[in-house]
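K.L.:
The lines below spell out each chain.
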Amino acid sequence: MKNFFTTNPIRAYAIMPLLMLLFSLIFSCNKLKDDFDFSKLAKPEWNPEFAFPLVNSTFGIGDIFGDSTLVFIKTNPDNSLSLVYSAKEIISEDAEKIMKIPDQGFDFNQEIPIEILPPPGSSVTQDFDFNFQLITDTSGQRLDEVHMKNGTFQLSGKTDLNRDQASLVMTFHQLVHITSHEPLTLNSSLNNPNQDPWVTFNHLVNLEEYLLDFSGDTTSNEITVGAEFTIYGDENPNLTPYAFDFSIEINDLEFSKLFGYLGNYKMHFKDSININFFEKTTFGGIEVGPGAVDIYITTKNSFGTPITIVADELYVTSGKNSQQVDIFLKGPGEPNIFDIDSPTIGQIGETVITNNDFSENNLGEAFNISPEMFYYDLGAITNYEGDSLDLNFVLDSSRMAVDVEIEFKLFTAIHQFVVEDTLKFDFNQNPDELDYVTFRINTYNGFPLEVDMQLIFTDADFNPLDSLITEGDHRILAAAPVSGPPEYKVTEPAHKLTDITVTSDRLGNIVDAKKMILRASLSTTNSDLVRIYKDYNMQIKIGTLAGVKINDN
Amino acid sequence: MKMNTNITSLKYKIFLIAIILVWAFSTNLNAQSDKTLYYLPIVPQTRNINPAVSPGYRLYIGIPFLSSFKTGFENTFRYDDIFQKRGDSLYLDRDYLLGNLKDKNTGNINLVEELFAFGIQVRKNTFHFRIAEIASGNFTITRDLIRFFLYGNGSDYYLGKTIDLGGNAINMSYYREYSLGYSRQINEKLSLGANLKYLQGIANIYTKKMGIRLTTDPNDFSLSAQTDIQINISSPGIDNGGFETSDLFTNTGNSGFAIDLGGQYLINDRFTVAASLVNLGSISWNSNLKNYKTQDPDKVVTFEGVDLNEFFEDDDFNQDRMSKILDSIADEFGIKELEEKYTSSLPTSLFLNLDYHLTPKDQFGFMFRNQFLEEVNWPSATVAYTRKFTDYLNLMFSYSVSRNNAMNLGVGFAANLGPVQFYLVNENLTAPFALHDATAFTIRFGFNLIFPQKKEREIEIEPEVPLENLENREE
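Quick note, the sequences are listed as chains A and B, same order.
Residues 3 to 555 in the numbering used here are what the first sequence lists, from first letter to last.
Residues 3 to 477 in the numbering used here are what the second sequence lists, from first letter to last.
Be aware that a few hints might be false.
[Claimed, not checked] 27 Å max Cα-Cα, derived DSSO-like pairs, lysine-lysine:
1. A:Lys551 to B:Lys87
2. A:Lys551 to B:Lys163
3. B:Lys104 to A:Lys45
4. A:Lys42 to B:Lys87
Rather than coming from a laboratory, the hints here were simulated on the basis of the structure.
Keep in mind it's a predicted model, so treat the numbers as computed, not measured.
Please model the complete structure; the sequences and the hints are all you need to start from.
P.N.:
Have a look at this one:
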């Protein structure tokens, strides 16, 4: 049978190379699988290493303390720094709420003997005097003048006088009208034409136009009353003696000004100050240099009375070791009592500021317990050692304010002062890609402070999984050298290079961690006294060198 | 085949880098330009090498998707230069690898899938049309760069020293070609032809400049770099890190044009010369753009790390912030991410041919080809022998030599079986048996339907019959 191949034998030979070509295609496909089977790639004995800078930060003192509302960083004239801790200013109530004239009442019962009645058409006058003492809310108070802005004075009474026509005039000598300067005089009609058993009278006076003027009076706070009866003659029998009863009610008395000797009042100023410098301390205290800690108590006073501050409570506490130390403002054992300034009579209505700087305090000594809270309860007492002959004054709006500050000049010696902080940690990279990681930490420390550091990685329940530094030097920061007294100033920054290597077996622990505890031990240069200046800073550079695993997948 | 996944941004970048590296290091995917197809004159696709050439069919139609498929590679290095086989295992020894590499290592890849083609001859004029998917790539990778990745900048080799990582380049394009060709027999000796091509760019990565000088400080690992980089990328899904398969067809924002010119001259019965210039053109990339460009090439920038507070959020360490930090590093080095249009040139090839016709059935040929790339030229030379058993069966053997490739024995054949033509060319016969040892390999095959000119149809001649036998037959 003729076909394509048999009719031309040459075609048959030509098929051979064709088959070779096809065969080579098929063979190559099969060979591919063998030659390029990368699953047989052995793990190399080498790892590429890649270096990369991670962190380059410069920290000043402001960065270390952050934007805390609890502390203010103050620059002193020599550029050294102080930490100033203060409490919110405490303001007392106004004087009108502290000093009050209580509501009070007085009753009088008097017999009026009228031996000889006047004949009809004529009259006779008979005088009687009374007095009563105004009650005050504190003992020993001598009122010279009380200017009133509110209050009522009520006089009510009765008599069995049986005259057709009679009258009563009562004068209250110490109640003086502020405009006419005349004493309060009340006229009452006692006419009794119907021969009623009693004749009554009643007066209500608003005291806002009056003042109580006790000046010139030798008896304190006494109101004297003059009563003048006028009786007209008539045919009515004489039933002498006649009864005369009256009562005085003084209510809702509010003063606008008070003059006199006001006696003792006590105002409390109680608060606490959070010293966050020790907030993260777990161990150790610090030694402060001489005069490094000042306590400032600033008062603003508009009471026109001598005021003495007596500290009922003044102490610091440390929550870490449950210790408490009493604070003495003027030195150990000295009572915490001091006077403040008050406005004079010429400064009436003004506020006088007193700045008390207690540099002899023992708070610096208390720093060795790492105190976190400073508690105070200051009592401000008027006329503490007062002379009753003194002249005081207050306005209704008089008040007092107290502001307490602690200034910690950063002039201190620290030895292994341990602070600790806990941070949430989230690092979910696959550690299988890394053979090791080396962190190269370069610090250029312009602070006279050395730091030994450790990072502890824990799970969510704070069970430790691993720590960053397992061998070698924990010192990350070397302390900068300082000059001697009095400046104790850094002369040049200190450089420290630290390598921390974490191998792949440990990387897995770190990746699993949920929290990171930073624990640092701080010491000043040679554990000696140093000052911290405004221009100090510290530069931290962290680079990483990673050995990358070459995996077959 | 459906490739339809939304790829995350990170994986998309890895995908791009993997494509680059796989193409760089896998001998399986490197390709070389056509050299030997020219010596199968009955194959219509020879006009892709010289548009003046025409096999003279009245009509030919490429079978869709099967008319021409070509893949291959040509490198200056081999798979065996990279991996060592010891027993049953493969080893990647970096010193071994680096010892086998040159200072500059180049590669050339090419993947062509002809979707459709046809040609029609009218008297002395022949018109051609084709649509083809073309993936073309050229790269240069320096030994220094490879050493850098194998050792790392943190190794003792590099710490404290300045590394020059320049001299690397990539120009990879994936585009669709719509070609309209014309050739004419001017006279008995001379024929001329041209192909006009509209190019639909789909994806491209093109490094116009890749200068990098890097120093790693041994004390704190800070990085100092001076860069002169201009990398242009256009790709669907570049902004959102993912693309749909349909994007590959509807991406029409990047247009280009190219031209092929060719001529063939019959000196005499024995000698023919031909010359052609192929893929003279470029593509303008206007959509799905990203450019990375150094703002100040003279500036040396040092990166020493970021502020410690960048790693903390509300006083808690959060490593997710590291990705934001890495994003800012490019800004530190003055490399800006832009969206600027750019143009990339196609790798143009020049072919010069001299053919000797020993007999009507035996032809020897010499071809010189040079591919003009941005960084380098890629010359090669080929000698070939074609045996025309008939006008419907060609067998060809070739030998090619080019940069770093001295032993490329090729073979090919084309057979017209009725109206169906099948052809196959392998430009490196030994490569399939030892791909790991090959620096070049190209294979091309295809199926066409051919309809010859009626006057050219051969009448099958029976073997000569002696006269005496002829008389008997007549009886």
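K.L.:
Tell me if the straight-line CA distance from Lys551 of chain A to Lys163 of chain B falls inside 27 Å.
P.N.:
Between Lys551 of chain A and Lys163 of chain B the Cα gap is close to 24 Å, so the pair holds against 27 Å.
K.L.:
CA of Lys104 of chain B to CA of Lys45 of chain A, is that 27 Å or under?
P.N.:
25 Å, holds
K.L.:
Holds or violated: Lys551 of chain A with Lys87 of chain B, Cα cutoff 27 Å?
P.N.:
21 Å, holds
K.L.:
Taking only the CA atoms, is the gap from Lys42 of chain A to Lys87 of chain B under or equal to 27 Å?
P.N.:
9 Å, holds
In summary, this structure violates none of the numbered hints.
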